[in-house]
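Participant: Each chain is listed here by its residues.
There are 2 protein chains.
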Amino acid sequence: MRQQSRKQITVRGKVVGGTRPLICLPLVAREMAALCHEASELAALQPDMLEWRVDAFSGAEDVALCLSVLHELRAIIGEIPLIFTCRLDREGGLQHLRQESRLTLLLRAMESGYVDLVDIELCNEREFIEKIGARAKALGVKLIFSYHNFHETPGKEFLAAKLAEAEKTGADIAKIAVMPKDYHDVLTLLSATNTARNGQVGIPIITISMGEAGRISRLAGGLFGSDITFGAGRESSAPGQMAFHELKTGMALLYGKEYQR
Amino acid sequence: MRQQSRKQITVRGKVVGGTRPLICLPLVAREMAALCHEASELAALQPDMLEWRVDAFSGAEDVALCLSVLHELRAIIGEIPLIFTCRLDREGGLQHLRQESRLTLLLRAMESGYVDLVDIELCNEREFIEKIGARAKALGVKLIFSYHNFHETPGKEFLAAKLAEAEKTGADIAKIAVMPKDYHDVLTLLSATNTARNGQVGIPIITISMGEAGRISRLAGGLFGSDITFGAGRESSAPGQMAFHELKTGMALLYGKEYQR
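Going down the list, the sequences are from chains A and B.
Quick note: the first sequence uses the working numbering, first residue 1, plus one each step.
Quick note: the second sequence uses the working numbering, first residue 1, plus one each step.
Watch out, some of these pointers could steer you wrong.
[Stated by the list, open to error] FRET-style restraints, in silico, Cβ to Cβ: (1) 30(A) <-> 200(B): 20 to 28 angstroms; (2) 19(A) <-> 104(B): 45 to 53 angstroms; (3) 243(B) <-> 130(A): 49 to 57 angstroms; (4) 243(A) <-> 63(B): 36 to 44 angstroms; (5) 168(B) <-> 158(A): 34 to 42 angstroms; (6) 182(A) <-> 212(B): 26 to 34 angstroms; (7) 236(A) <-> 256(B): 13 to 21 angstroms; (8) 168(B) <-> 152(A): 30 to 38 angstroms; (9) 152(A) <-> 4(B): 36 to 44 angstroms; (10) 260(A) <-> 256(B): 57 to 65 angstroms.
What the hints contain is simulated information worked out from the structure, not anything from laboratory work.
We put the CB at the ideal spot given by N, CA and C, even for glycine.
The following block holds chain A by itself, in its conformation from the complex (with noise of 0.2 angstroms):
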């Protein structure tokens, strides 16, 4: 049986950080209709939870059409929680916002009430990162903040700090997505998540080893500590994603018929 965070935290009735860990599948489409017709076709298979990853759309600068996706997207998506996250592109994000667009893109999706989670770069600025916490928490909405590494997966001590700074810097989940260059990565960052689980970190985590080699990790990551994995629903967000019937197929293995059909 996986230890379970010590401080779980419930979003539309799913448990993060208990006995099992969750599904989340990633929204990618470019295109209004086509972003609609996505979130339609993965909702009907009934994830834990979405993620719109806004900076994959094009219209991502202008706020009024944002606003009135994720208007579109709730409506679509019923009870299903959402994260909102306009990925950093030197973090892996999918095309440049300026930090102004951002921020205000942001602040109007968490006060929509659309949204019931924000991912955050620790790499932001503090400025940018209390304003966003500040906001977050006054309106009840849950903080992801995060760091991602495309090209290296840097020491166990560095992933542990990391995860724990995400917590000190108020954080209701931490997050780390990192590059193994061979298998000896991907045990570093399985061993980084049993450390930060065990030891100092209280919240729910999500970490994930990237790539080919770290595809282990979205399956037998919750073993080990992590809360969350990121599958692909029609298309991947980041490299290594499993599809989402192969993560229920092996999830059901390791933590138990729930996860079957």
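Put chain B on the given structure of chain A with help from the hints.
Facilitator: Chain B alone, transformed into the frame defined by chain A:
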């Protein structure tokens, strides 16, 4: 892609230490009729290997009977490679056999020509190991030298050293199976596996973290270097073994479609 072994071996056409980990199923029936039935059922599943756990057999002290069983088994299983294992009781064996009976049984079994591999615990006396080793080399039977610990998971260096010791002692395949108390211990086993495969151990290896927590090692151990995984056919022979069809389902996700039926 997993790192292959530097010294692959081929047994009846099956490559141990190659691009994909093999699946072995144990035969653990107590009586001859049940054993033949079990062999017939398991052979029909077409596993990569079968292992006769003769220590589970009620007639294990009767060498002549065991040889006639072997004759029957080979007729039933055809060209499936067969491991002959008379596990020591203090390393998980299911009955106590006198050392002399074990020695005679192992030598006669190897001489019968029905057996492709034998599994011998490293903790046996040096003279015992040397006698078996010399006869195996002369007959072309492959040697698995093994270490089992049903109480705990020793440190990573100890485990990697056990695998190296098996190779130095003349094994064709080195095996360790240890019991985890938590997921940290599971990572220790996987890490020792990865270190051995990428370091000083050139022969194929089998590494297992047993029990419920260790199940992931039976599925994913091959990524880190383990070359054979043991599944449960009709019954399991050690704690944590997954059913054959579950193992195949999971391995198809990790290693490719050749595991699908």
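Participant: Next, verify each hint and record whether it holds.
Facilitator: Here's how the hints hold up against the structure:
For residue 30(A) and residue 200(B), the Cβ-Cβ distance of about 51 angstroms falls outside the hinted range of 20 to 28 angstroms, so the restraint is violated. Evaluation of the 45 to 53 angstroms hint for residue 19(A) and residue 104(B) yields a pass: the beta carbon distance comes to about 52 angstroms. Between residue 243(B) and residue 130(A) the beta carbon distance is about 52 angstroms. The supplied range of 49 to 57 angstroms therefore holds. A C-beta distance of roughly 53 angstroms is found between residue 243(A) and residue 63(B), which places it outside the suggested range of 36 to 44 angstroms.
Between residue 168(B) and residue 158(A) the Cβ separation comes to about 37 angstroms, which falls inside the hinted range of 34 to 42 angstroms. Separated by about 28 angstroms at the C-beta atoms, residue 182(A) and residue 212(B) satisfy the suggested range of 26 to 34 angstroms. Taking the beta carbon of each, residue 236(A) and residue 256(B) are about 18 angstroms apart, inside 13 to 21 angstroms as hinted. The hint said 30 to 38 angstroms for the Cβ distance between residue 168(B) and residue 152(A), and at roughly 35 angstroms that hint holds.
Distance hint for residue 152(A) and residue 4(B): a CB-CB separation of about 24 angstroms, inconsistent with the stated range 36 to 44 angstroms. In this structure the supplied range 57 to 65 angstroms is violated for residue 260(A) paired with residue 256(B), their Cβ-Cβ distance being about 22 angstroms.
Checked against the numbered hints listed earlier, the structure breaks hints 1, 4, 9, 10; every other hint is satisfied.
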